[in-house]
Amino acid sequence: MKLINKRKVSKWVYLYLILGVSITILPFIWMFLTSIKTYEQAIAIPPILFPKTFHFENYVKIMDKFPFITLYLNTIIVIVFVVIGQLIISSMAAYAFARLYFPGKNILFLLVLSLMMIPSQIFLIPHYNIMISLKSINTIRALILPSLFNAFGVFLLRQFFYEIPKSLDEAATIDGASYFVIYKRILLPLLQPGLVSLSIITALNTWKSLMWPLIVNRDMDKMTLSAGLGLLIGEHTTYYEQVMAGGVVSVFPMLIIFLIFQKYIIQGIANSGIKN
Amino acid sequence: MTKQKLTEAKSAYLFLLPLIVGLGYFYFYAFIQNFYFSFTDLSSFGKPSLVGLENYKKLLTDEKFYLAFKNTLIYVLIGVPSVLIFSTLSAEFLNQNIKGNTFFRTALFIPAVTMPAAIGILWRWLYNYQFGIINVLLNRVGIESIAWLSNTNLVKGSISIVLVWSMSAIYTIIILSGLQGIPKSYYEAAEIDGANKFQIFFKVTLPLLTPTLFFVAVMTTIGIFQIFDLIFLMIQPTALSLRYSMSMVYYFYDRAFVAFDKGYASAISIILFLMILLITVVQLKLQKKWVYEE
Amino acid sequence: MKRVLKVFTLSLLLTMAIIPIFANGSQEMKNSSAKKQLTLSIWDENQKATIQEIVDSFNAQSTEYEATIQLTPWSTYWTKLDASAGAGDAADVFWMNVYLPKYVDGDVLLPLDEYITKNDIDINNYVQTTLDMYNYKNHIWAMPKGMDTVVVAYNKALFDKYDVAYPQKGWSWDDMKTISMELRDKIKKAGDTNYPILMELDAQPSYFNFIYQNGGYVVSDDYSKSGFNQPEVAKSFQNVVDLFNEKLLAPYNVLSETKGTDLFISKKGAMVFIGSWKASVLENCSIAQEGNLGLVTMPSQDVDNTSVIGGLGYAISKNTKYPDGSFALVKYLTGFEGNKIQGEKGIDIPAYRDAQKYYKEHFKNIDAQAFFDAADTSVPFPAGPDINAWIGIINDNAARILAQEISPEKGCELIYKDMQAAIDK
Chain A
3 MKLINKRKVS KWVYLYLILG VSITILPFIW MFLTSIKTYE QAIAIPPILF PKTFHFENYV
63 KIMDKFPFIT LYLNTIIVIV FVVIGQLIIS SMAAYAFARL YFPGKNILFL LVLSLMMIPS
123 QIFLIPHYNI MISLKSINTI RALILPSLFN AFGVFLLRQF FYEIPKSLDE AATIDGASYF
183 VIYKRILLPL LQPGLVSLSI ITALNTWKSL MWPLIVNRDM DKMTLSAGLG LLIGEHTTYY
243 EQVMAGGVVS VFPMLIIFLI FQKYIIQGIA NSGIKN
Chain B
355 MTKQKLTEAK SAYLFLLPLI VGLGYFYFYA FIQNFYFSFT DLSSFGKPSL VGLENYKKLL
415 TDEKFYLAFK NTLIYVLIGV PSVLIFSTLS AEFLNQNIKG NTFFRTALFI PAVTMPAAIG
475 ILWRWLYNYQ FGIINVLLNR VGIESIAWLS NTNLVKGSIS IVLVWSMSAI YTIIILSGLQ
535 GIPKSYYEAA EIDGANKFQI FFKVTLPLLT PTLFFVAVMT TIGIFQIFDL IFLMIQPTAL
595 SLRYSMSMVY YFYDRAFVAF DKGYASAISI ILFLMILLIT VVQLKLQKKW VYEE
Chain C
6 MKRVLKVFTL SLLLTMAIIP IFANGSQEMK NSSAKKQLTL SIWDENQKAT IQEIVDSFNA
66 QSTEYEATIQ LTPWSTYWTK LDASAGAGDA ADVFWMNVYL PKYVDGDVLL PLDEYITKND
126 IDINNYVQTT LDMYNYKNHI WAMPKGMDTV VVAYNKALFD KYDVAYPQKG WSWDDMKTIS
186 MELRDKIKKA GDTNYPILME LDAQPSYFNF IYQNGGYVVS DDYSKSGFNQ PEVAKSFQNV
246 VDLFNEKLLA PYNVLSETKG TDLFISKKGA MVFIGSWKAS VLENCSIAQE GNLGLVTMPS
306 QDVDNTSVIG GLGYAISKNT KYPDGSFALV KYLTGFEGNK IQGEKGIDIP AYRDAQKYYK
366 EHFKNIDAQA FFDAADTSVP FPAGPDINAW IGIINDNAAR ILAQEISPEK GCELIYKDMQ
426 AAIDK
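Protein chains in written order, with my numbering: chain A, 3 to 278; chain B, 355 to 648; chain C, 6 to 430.
Worth double-checking, as some hints may not be accurate.
[To be verified] Straight-line alpha carbon distances no greater than 20 Å define the calculated EDC-like cross-link-like pairs of lysine to aspartate or glutamate that follow:
#1 LYS67/A x ASP61/C
#2 LYS422/C x GLU498/B
#3 LYS430/C x ASP416/B
Bear in mind the hints are in silico, worked out from the structure with no lab data behind them.
Excised from the complex, chain A in its bound form (with noise of 0.2 Å):
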């Protein structure tokens, strides 16, 4: 069932989604491009787009450097339990919020998405200090739990519960389903876009995170995979080639596990139509 079945897609559609495309995957181009020189060519001004030699090598040297299996895995494990984690947890709150009424809800609600406006590096030292309460410095699980809490998910979530009609609701309220049923069985399996659109983009943020998997974790077998680049970054020297070998390295998990989601926001909503 094609909605918009224009045969005749605009020409500026495609023109824009071209150039688009070609400015967002020039960095990653560059990226893979400097990995394969060397520190005098990665500096090298004016810049140098293609290196007339090309040195792979860069490759072996972060692999020697770091354990990339551990890296990769540590990641995975934390990308997966805090993506589960927060699609539970929010989505939860997101249901009492968007749904339900209750005393105090506004003020819940604002003072949830507060603790966004704040700088995340606040809560760095704090978060140190629990975690050594918790008998969890240099440990994966102190990876995963300061992040399975956020206000983010709990608001993106609201919103798209806002989308799906009340009435489906009703419908199940006066057959005598509880809110937990109405919640799992109906509201949950709509959701899906945003349950998709939260794991990506959880997962990503994840991945991205570099100052805390530094500060709590000390031996190498626990770090992620940015936190190990981010090792490279020198006070003086940076050497670039390798830390784009790196990046090269790392960022394969994640475009793999977004092109396996991304189907499920293609596949759209079979049952977005409201039978009636």
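Could you slot chains B and C onto chain A? The hints should help.
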């Protein structure tokens, strides 16, 4: 309260429990603590002593703070509408039935997965006064080189371009999802009524998209108010243009982690917080006016 | 089908994940050996391999202790140190620099005097300036690791191309200007876009040196007075501004967007003021590999050609479980053997004088002698307990002066006002 309302409230609290407990333990206490610290002379070590409003008084006469404040406001004023417009346009186009849909979506998403360091370094090269590709192209068509990053009047604009470009990647996805959530029956009904492309977009799509757009508006406002990474990556700490591009979070970071003047930094964060809170509350109140709720 | 696949992958990942999740976070699990564990915290990934060598050597000869290195990048090193020291949880041994007074005042460091005497360390083996850096309130708080000096690097090929004489040791600022003017004119005549002089706009490889070279100081020896009310300081900035105006130094726009040293390596400039911390980069660049890299001490200004000396030391956490073991590690790292390895690998100029020759021998393409010569006329990097409060003030206003947004006099006036206020607080 009626019995029904009581059950409803109780259920609501149950649904909210994990979030509230987690946020309370990990974030809320630190948040309050931060507020407290803004009234002290906290530095790296030692017990901080209360200094009352001294930090805030100092902020009032702090030239650097005003600069950071002004810079941040400009980023927000330019950035929020720009992100909204770009993301909506991109999402709408991606929602069409085009050949290579998957490719376009993945490609437009790439800034989101590219390392911030790579984005910063790349754009620094593009913008370079002497050898950046942008200036090279301008010179070819007879236009003089522009000091994108070192001209104190232009630097904010240059950074804003990169900001909008990278933020739009994520928000395009969100708006795209929002578009996907619109029941197809509405489009079909409109088509049957004989509406054209533009009419459908403005009369059907946009209104139904407003909950998502509202989210994007609030989130980009909050996000841009806290801009930091881009400035950190694109401007050298010793460059003059830093004065004219640094944000409030940058100044906060400088005070907290470079100068170790943490009490003062807390005061900065509180002012920032109050500003964001004010604007968000205004946005929330306006929500009733323009956001369509099913 | 896709759904099943997705669920399966997720469950597999989850199962894999459960195991490490509940792994014990403490160090004890990891180490099966009976030796007592020491931790050494550093920030430079480039030096890690060499330091690991020294640590391995220490571990082999120690029957009681075993040390492991923890690496944290520069950007988060101090935050992490503050957080862990504040919680009594810092590494046993860690790198320390000019921020030392803050940590002493914060009471998180172990004073080393008794350990030095107990272990019969002869401090005369070390370059005096480096010892002074870790001497505060009449105690020694860290053992010196290395030292940095600032010199001038020059590209012989470019000098040859324009047929200009190389800089000579003992040259003056005026000599530098003469050479640069000749370069400037010949470059212009050839229609090229190279620069006579390049500079990084950070304090350490540029204006901090110039201030002392003209007879001024950044902060007094007792750290109580700012030096920016001295006319000598304004003059030293004026000298740099003159270089800009006479087109002897690359324009401010260029230098503020791209690091002077990167421009030099890309063969865009004939001379650059550069710190010894860039030695490895210089050694490996094509200019050096082609045999065209020269190093010479800085030109003298009114008084001399003082170089500011920076450097690192090893400090010990006050809360360490094993003070004797920690000191044993420090002793090894900063002893002759440790410094010899440092020198041989060229990662840092040893503060231990007798090991310095190994550093020089390591470099094949550059003559590191200039780094040592620079130490002959040197002062310690200006520091003190308030450095974190005033270094930003200096950096910000220096940028305005160099960009010529304000005059050197006005800039120094502003710096003096705020810096002295910060010290007095």
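Each hint tested on the structure:
1. For the suggested pair LYS67/A and ASP61/C, the alpha carbons sit about 17 Å apart, so the restraint of at most 20 Å is met.
2. Between LYS422/C and GLU498/B the alpha-carbon distance is near 40 Å, which puts this suggested pair outside the 20 Å criterion.
3. A threshold of 20 Å between alpha carbons decides the hint, and for LYS430/C with ASP416/B the separation of about 16 Å falls inside it, so the pair holds.
Consistency with the previously given hints fails for number 2 only.
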